[in-house]
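Asks: Chain residues, written in single-letter form:
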Amino acid sequence: MADLTRLTAAQTAERIANGEVTAVEVAEAHLARIDAVDEKVHAFLHVDRERALAQAREVDEKRARGERLGPLAGVPVAVKDLFTTEGVPTTVGSKILEGWIPPYDATVVRKLKEAGLVILGKTNMDEFAMGSSTENSAYGPSGNPWDLTRIPGGSGGGSSAAISAYEAPLAIGTDTGGSIRQPAAVTGTVGVKPTYGGVSRYGMVAFSSSLDQAGPCARTVLDAALLHAVIAGHDELDSTSIDQPVPDVVTAARNGDVAGLRVGVVKEFRGEGYQAGVLQRVDETVELLRELGAEAAEVSCPSFTKALAAYYLIAPSECSSNLARFDAMRYGLRVGDDGTHSAEEVTALTREEGFGDEVKRRVMLGTYALSSGYYDAYYGSAQKVRTLITRDFERAFGEVDVLVSPTTPTTAFPIGERADDPMAMYLADLCTIPSNLAGNAAMSVPCGLAGEDGLPVGLQIIAPAMADDRLYRVGAALEAAHQARWGHPLLEEAPSL
Amino acid sequence: MTVTELVPYEDALAVYDPVMGLEVHVELGTATKMFCGCSTTLGADANSQTCPTCLGLPGALPVVNATGVESAVRIGLALNCEIAEWCRFARKNYFYPDMPKNFQTSQYDEPIAFNGHLDVQLEDGEVFRVEIERAHMEEDTGKSTHIGGATGRIHGASHSLLDYNRAGIPLIEIVTKPIEGAGERAPEVAKAYVAELRELIKALGVSEARMEMGQMRCDVNLSLRPKGEKTFGTRSETKNVNSLRSVERAARFEIQRHAAVLDAGEKIVQETRHFHEENGSTTSGRVKEEAEDYRYFPEPDLVPVAPSREWVEELRAGLPELPRLRRNRLREEWGISQHEMQSVLNAGAVGLIVATVDAGAPADQARKWWMGELARRANESGTELADLPIGPEDVARVCALVGEGSLNDKLARQTIEGVLDGEGTPDEVVEKRGLKVVSDEGALGTAVDEAIAGNPDIAEKIRGGKVQAAGALVGAVMKATRGQADAARVRELILEKLGVEG
Chain A
1 MADLTRLTAA QTAERIANGE VTAVEVAEAH LARIDAVDEK VHAFLHVDRE
51 RALAQAREVD EKRARGERLG PLAGVPVAVK DLFTTEGVPT TVGSKILEGW
101 IPPYDATVVR KLKEAGLVIL GKTNMDEFAM GSSTENSAYG PSGNPWDLTR
151 IPGGSGGGSS AAISAYEAPL AIGTDTGGSI RQPAAVTGTV GVKPTYGGVS
201 RYGMVAFSSS LDQAGPCART VLDAALLHAV IAGHDELDST SIDQPVPDVV
251 TAARNGDVAG LRVGVVKEFR GEGYQAGVLQ RVDETVELLR ELGAEAAEVS
301 CPSFTKALAA YYLIAPSECS SNLARFDAMR YGLRVGDDGT HSAEEVTALT
351 REEGFGDEVK RRVMLGTYAL SSGYYDAYYG SAQKVRTLIT RDFERAFGEV
401 DVLVSPTTPT TAFPIGERAD DPMAMYLADL CTIPSNLAGN AAMSVPCGLA
451 GEDGLPVGLQ IIAPAMADDR LYRVGAALEA AHQARWGHPL LEEAPSL
Chain B
1 MTVTELVPYE DALAVYDPVM GLEVHVELGT ATKMFCGCST TLGADANSQT
51 CPTCLGLPGA LPVVNATGVE SAVRIGLALN CEIAEWCRFA RKNYFYPDMP
101 KNFQTSQYDE PIAFNGHLDV QLEDGEVFRV EIERAHMEED TGKSTHIGGA
151 TGRIHGASHS LLDYNRAGIP LIEIVTKPIE GAGERAPEVA KAYVAELREL
201 IKALGVSEAR MEMGQMRCDV NLSLRPKGEK TFGTRSETKN VNSLRSVERA
251 ARFEIQRHAA VLDAGEKIVQ ETRHFHEENG STTSGRVKEE AEDYRYFPEP
301 DLVPVAPSRE WVEELRAGLP ELPRLRRNRL REEWGISQHE MQSVLNAGAV
351 GLIVATVDAG APADQARKWW MGELARRANE SGTELADLPI GPEDVARVCA
401 LVGEGSLNDK LARQTIEGVL DGEGTPDEVV EKRGLKVVSD EGALGTAVDE
451 AIAGNPDIAE KIRGGKVQAA GALVGAVMKA TRGQADAARV RELILEKLGV
501 EG
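Keeping their order, the protein sequence lines are chains A and B.
Per this note's numbering, residue 1 is the first one in the first sequence, and the count goes up by one each step.
Per this note's numbering, residue 1 is the first one in the second sequence, and the count goes up by one each step.
These aren't lab readings, by the way, just hints derived from the structure by calculation.
Some hints could be false.
What follows is a list of derived Cβ distance ranges for each label pair [stated by the list, open to error]:
id : chain 1 : residue 1 : chain 2 : residue 2 : range
1  : A       : GLU345    : B       : ALA150    : 20 to 28 Å
2  : B       : VAL303    : A       : GLU61     : 38 to 46 Å
3  : B       : TYR9      : A       : SER372    : 34 to 42 Å
4  : A       : GLU236    : B       : ALA317    : 26 to 34 Å
5  : B       : PRO304    : A       : ALA64     : 49 to 57 Å
6  : A       : ALA64     : B       : VAL303    : 38 to 46 Å
7  : A       : TYR374    : B       : ASN279    : 42 to 50 Å
8  : A       : PRO245    : B       : GLY360    : 55 to 63 Å
9  : B       : PHE95     : A       : GLU39     : 40 to 48 Å
10 : B       : SER39     : A       : SER372    : 34 to 42 Å
11 : B       : PRO8      : A       : TYR374    : 43 to 51 Å
12 : B       : HIS155    : A       : SER372    : 24 to 32 Å
13 : A       : GLU86     : B       : ASP427    : 54 to 62 Å
Interface residues of chain A toward chain B, partial, derived using beta-carbon atoms under 10 Å [to be verified]:
id : residue
14 : PRO102
15 : ASP238
16 : VAL286
17 : SER342
18 : SER371
So these bits of chain B aren't anywhere near chain A, every CB distance computed over 12 Å [stated by the list, open to error]:
id : residue
19 : GLU10
20 : ALA31
21 : ALA44
22 : GLY181
23 : LYS202
24 : THR272
25 : HIS339
26 : GLN342
27 : MET371
28 : LYS461
29 : ALA487
Don't be surprised by glycine CBs; every beta carbon is placed ideally from N, CA and C.
The following block holds chain A by itself, in its conformation from the complex (with noise of 0.2 Å):
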């Protein structure tokens, strides 16, 4: 029998139904995978062996009882490390949380059960998702499985590391200011932030409430939308999230087209600090586009070189009142409770052990930001930005279907080449910023290797807020494109591990 890790979620679900595999089967093969790579690749913080079993046999007795099961009944998905989990624990990458065992289910993670899917454990990320390389997790970082030297992107890289290094062919992330599409781009895989509101926060370990959007990860356009149709939806634990139907997106993943199809280049995300090899595949791509039938033109929008400083100022501020709740007093680490200190005492030796140097100089930032006489110049003027990105948005949207550019400036960097610098680190987020701000979705898509070093390059896609499915027909047309033109899925050219 073929790997089962090397087979695509759709194709894993076709044989599960069709009785050729059992879910049995395809969690084993996937735990022995994980067994044999996660040492050196990290992408996993807790491996749910036991549960994801039962969860695998559950599936099997339902379809051999012939009870109707959803299109990814049986296939295994890892899950970033920031969904509460029942009884399994929960640490958002933080030292924190060490030892907290939530006792309810996320949203998304409550779908995923329902939909029939193998949760195999948590994923490594960046400290409460803030950075771009998961060397902020509170756990070590995670290798990326094209150079384990390398970081596979973040927050969310143990989801892009896991699943391009076979270990689980879905995973979830969460995207606040690029930390799905990111890590896709530099491990040659696919991620969508959906649409703000168009999956539940309800159980996301909240960073940046107005920014922080669930989203699938997977290696193929197909398998994203199939998790995305999973996860997405109205949620009314969740007030942002949108009541109205999901698009469409995996009709729109099995339909990949581009003919006719308006796309605007982002005048914007391109020149310096960009690595030529990143621009050169990007270019390409645009003229593969138009080579399909889509006509691509330059689209300026303004506002977007102000994102990154509106964003430092936005989700800082957010984070330090979400995080402000860590306090000792009733979950997770606790420090100095010995008798001899107040409780003000426990609650600042506790964050001091507890939180890592990013999260503190965010949470110091955003104190600062939203403190009086401040709030009008910081954090009342990021608001102010956040709207004009808006409207580039919206003028952008009037002239062109998509726009597309960089996901990420350059290919994935050694691992603590920018850990001391934390503007290297943040412009890796340059290009994805905006979406956020914006809230509209946007999708990371392979588009090659980079001449310079071999390494992945992503093309980010972004479309209106509710045309998800957009992304899908575009991404997909792209894919074919591609892997018909490289001859097989770009992934396969990564070394084996």
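With chain A fixed as given, assemble chain B onto it according to the hints.
Replies: Relative to chain A, chain B alone:
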């Protein structure tokens, strides 16, 4: 600083002009909390009414309670406020162990209701208008019990117990504009305002507003300025003044204390103060060295609240009669004085009397029972009138029995006593205790005959025209029937038998 000698109240008012600001928190009586589905029932086991949201667990999100918003709009309308067409919740960031998220979901510069007023009637009937700055929605915190310290406060405690059942219960905070021009009546205005607000909240049915249960809590902000001065003085904020009487006392005490500090040439420290029920004083709490920075910003987890104008008008049309107007109407209907009405109000008897009248009793009778015998009983047992084990229906039935002559006043009293003692309905008590007026003419006639025969001297006087002497014979008959006769009928019979015109 400590002030040992308060300035006499009249002396303080001779020199200074008080300015007050009152902040009242009302716990809404919604079935569920403001942002989650947990029950709000009081008295449950600690932390039994909690969920990820009201415990502030990582990942949990709030959802607005629609009934809470409706209550807020109705309160706003009843306070003559404008209702925001669009407003947001905001996070008020500060740290306290009983606040699960370490921010309170509240409203900041976009309150749901603003710019209103409440007319309050003082004891002498004068109406004073209190301007309302705003009414906004927020959530309550948990409750800490500090163990081991002398004061029950966190400082000095060995440990604290946290109960989050209260965390997330909807609150409406109602803030007045500075109350100026009340002069020496400032404490009375403060009390009357809180009393009127409480009546209003109850009339709206949005909360029971029981201050002793913490369902309504008041902060009294007060400052003095020299008479004639325009700018406000530095204020003190006396927190959690939780009875009507305390509101008045706290304002009065602070006026005297401020005056003493100012007279000594010293400065008032802006601080929060604790009120002490036992002696009516306040003591320094937390000094506010600088304005506390709550780092408010719009709550990103909630969508804006945008009450449609149609809905607001619907709610306005459905508002009950305002308490002050209702009171004035009832006072006229009942034909009683302002002072008598105030007593009825103070006794918490307005609703009971109205219900008794609605059940068929004459207003004067209803008022007589509730303000007389029943008020006395409530006072003796230290309970509220409404908590007595007798209802308006029962009182109305007793009135009916008196009206039809089945009970006299004395028997009615015994009937009520029986109901209060749990012996059943008025009819059951009358039956069991055998309290019916003796109306058997034969039996009564015999008793009258015996009384005449036993008191020939008196009978002779009556025959001679001294009709007022009949009282002694009536007394004898009443004694013989153990009070169960209708005295008026007895008198008639006596005069009839002696052949005298009544």
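Asks: Each of the hints needs a verdict: does it hold here or not?
Replies: Structure-based check of all given hints:
no., hint, verdict
1, A:GLU345 <-> B:ALA150: 20 to 28 Å, "21 Å, holds"
2, B:VAL303 <-> A:GLU61: 38 to 46 Å, "42 Å, holds"
3, B:TYR9 <-> A:SER372: 34 to 42 Å, "38 Å, holds"
4, A:GLU236 <-> B:ALA317: 26 to 34 Å, "30 Å, holds"
5, B:PRO304 <-> A:ALA64: 49 to 57 Å, "50 Å, holds"
6, A:ALA64 <-> B:VAL303: 38 to 46 Å, "45 Å, holds"
7, A:TYR374 <-> B:ASN279: 42 to 50 Å, "44 Å, holds"
8, A:PRO245 <-> B:GLY360: 55 to 63 Å, "59 Å, holds"
9, B:PHE95 <-> A:GLU39: 40 to 48 Å, "41 Å, holds"
10, B:SER39 <-> A:SER372: 34 to 42 Å, "37 Å, holds"
11, B:PRO8 <-> A:TYR374: 43 to 51 Å, "47 Å, holds"
12, B:HIS155 <-> A:SER372: 24 to 32 Å, "27 Å, holds"
13, A:GLU86 <-> B:ASP427: 54 to 62 Å, "59 Å, holds"
14, PRO102, "7 Å, holds"
15, ASP238, "5 Å, holds"
16, VAL286, "35 Å, violated"
17, SER342, "9 Å, holds"
18, SER371, "5 Å, holds"
19, GLU10, "41 Å, holds"
20, ALA31, "17 Å, holds"
21, ALA44, "19 Å, holds"
22, GLY181, "31 Å, holds"
23, LYS202, "31 Å, holds"
24, THR272, "18 Å, holds"
25, HIS339, "50 Å, holds"
26, GLN342, "45 Å, holds"
27, MET371, "50 Å, holds"
28, LYS461, "88 Å, holds"
29, ALA487, "70 Å, holds"
Taken one by one, the earlier hints fail for this structure only at number 16.
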